[in-house]
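Enquirer: Produce the entire structure from the sequences given, and follow the hints as far as they go.
Number of protein chains: 2
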Amino acid sequence: MTNVSIIGTGNMGNAIGAIAAAGGHSVEHIGRDAQAIAGDIVVLAVPFPAVDDIVATHGAALAGKIVVDITNPLDFSTFDSLVVPADGSAAQVIAEKLPQSTVLKAFNTNFAATLASKTVGDAPTVVQIAGDDDAAKTLLADIVRAGGLGVVDAGALKRARELEAIGFLQLTLAASEKISWTGGYSLSA
Amino acid sequence: MTNVSIIGTGNMGNAIGAIAAAGGHSVEHIGRDAQAIAGDIVVLAVPFPAVDDIVATHGAALAGKIVVDITNPLDFSTFDSLVVPADGSAAQVIAEKLPQSTVLKAFNTNFAATLASKTVGDAPTVVQIAGDDDAAKTLLADIVRAGGLGVVDAGALKRARELEAIGFLQLTLAASEKISWTGGYSLSA
Chain A
1 MTNVSIIGTG NMGNAIGAIA AAGGHSVEHI GRDAQAIAGD IVVLAVPFPA VDDIVATHGA
61 ALAGKIVVDI TNPLDFSTFD SLVVPADGSA AQVIAEKLPQ STVLKAFNTN FAATLASKTV
121 GDAPTVVQIA GDDDAAKTLL ADIVRAGGLG VVDAGALKRA RELEAIGFLQ LTLAASEKIS
181 WTGGYSLSA
Chain B
1 MTNVSIIGTG NMGNAIGAIA AAGGHSVEHI GRDAQAIAGD IVVLAVPFPA VDDIVATHGA
61 ALAGKIVVDI TNPLDFSTFD SLVVPADGSA AQVIAEKLPQ STVLKAFNTN FAATLASKTV
121 GDAPTVVQIA GDDDAAKTLL ADIVRAGGLG VVDAGALKRA RELEAIGFLQ LTLAASEKIS
181 WTGGYSLSA
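The listed protein sequences derive, respectively, from chains A and B.
Throughout the first sequence, residue numbering follows our numbering, covering 1 to 189 in sequence.
Throughout the second sequence, residue numbering follows our numbering, covering 1 to 189 in sequence.
Just to be clear, a hint being listed does not mean it is correct.
Derived, one-sided and incomplete: chain A residues facing chain B with beta-carbon distance under 8 Å [stated by the list, open to error]: (1) Arg145; (2) Leu169; (3) Leu187.
FRET-style restraints, in silico, Cβ to Cβ [stated by the list, open to error]: (4) A/Ala56 with B/Gly88: 31 to 39 Å; (5) B/Leu139 with A/Ser26: 49 to 57 Å; (6) B/Thr78 with A/Asp134: 19 to 27 Å; (7) A/Asp75 with B/Ala36: 39 to 47 Å; (8) A/Ala18 with B/Leu139: 42 to 50 Å; (9) B/Ser176 with A/Pro85: 20 to 28 Å.
In short, the hints are calculated from the structure, not lab data.
No residue lacks a Cβ here, since even glycine has one placed at the ideal position from N, Cα and C.
Expert: This is the structure in structure tokens:
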């Protein structure tokens, strides 16, 4: 059993917590201003602009832990670009801010409804995970699979750039009603 | 009926030609050094490094036509980055080289086998099209649908950056045997 802490109380945090709990793991949902963090895996289920405050408040407490970045760092004023470097990613920005943590990118290509239903249209929901630490990726992948979802290892943390491009495009398609919030990208092996 | 010219004789060019022909359209497959191009729509079904020669040879003949870029501009020596600007795309590079053509991005997120089989795993194959000319996108979308595949309008040509990120990640996943060449991303409405 792994202790999983979820920071953020929105749809995504709730859906990810439910997946971990379904697999028998210990899950705590904590507020952004919590004093202690029990989890060995900490999911930052907050919008990208909220990350800086979390790093400032909890940076020391996150040392030695696996930190899962699920953000899509859109410029929500335009829906036309990202607010991170074009050749980088939010995950890489966060990894630089948390050098003593092991940062993974995951869940940003999954709408919350597809995590809960375990389906994207008629296809099974697959969580893509990127990161530079294979053991950390395996630990998270095992939790996701135990919760009933598929997993694909998307490669090194550098591939978060591409995962965030997928998340970005998917959000623009849903916001413009070309797809629904229960649809989106799925990934077949 | 629309006249479609396919430049390039590989798996992708053959699959796209078959889709257009299945819908009753006139299809010509032409070599890179052909003298004339009959199509109103011209598909550049060649690797990205071959585009410059085609522009040099056929640039004038492509004026006034719809040019479909299907490339994934990977650095194939590393499989770790693209050879176009990180905030741009091959499609935008090609559009700058062909200012008198209407450039669309399409098919780069579809493996050839999934165009032929019309399925990605168990999901229907969907072709994503990006471009700045709605009439051109509609013309291509109608051809693809008539050939039996789904279509999603991915937005402006600027979104080719994200489509090429998808194509890039999908190629790395297949090359590393995390998915097969008959799998990959599908898109559910």
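Enquirer: Now, for every hint given, state plainly whether the structure supports it.
Expert: Hints and how they fare:
no.: 1; hint: Arg145; verdict: violated, 15 Å
no.: 2; hint: Leu169; verdict: holds, 4 Å
no.: 3; hint: Leu187; verdict: holds, 6 Å
no.: 4; hint: A/Ala56 with B/Gly88: 31 to 39 Å; verdict: holds, 34 Å
no.: 5; hint: B/Leu139 with A/Ser26: 49 to 57 Å; verdict: holds, 56 Å
no.: 6; hint: B/Thr78 with A/Asp134: 19 to 27 Å; verdict: holds, 20 Å
no.: 7; hint: A/Asp75 with B/Ala36: 39 to 47 Å; verdict: holds, 45 Å
no.: 8; hint: A/Ala18 with B/Leu139: 42 to 50 Å; verdict: holds, 45 Å
no.: 9; hint: B/Ser176 with A/Pro85: 20 to 28 Å; verdict: holds, 25 Å
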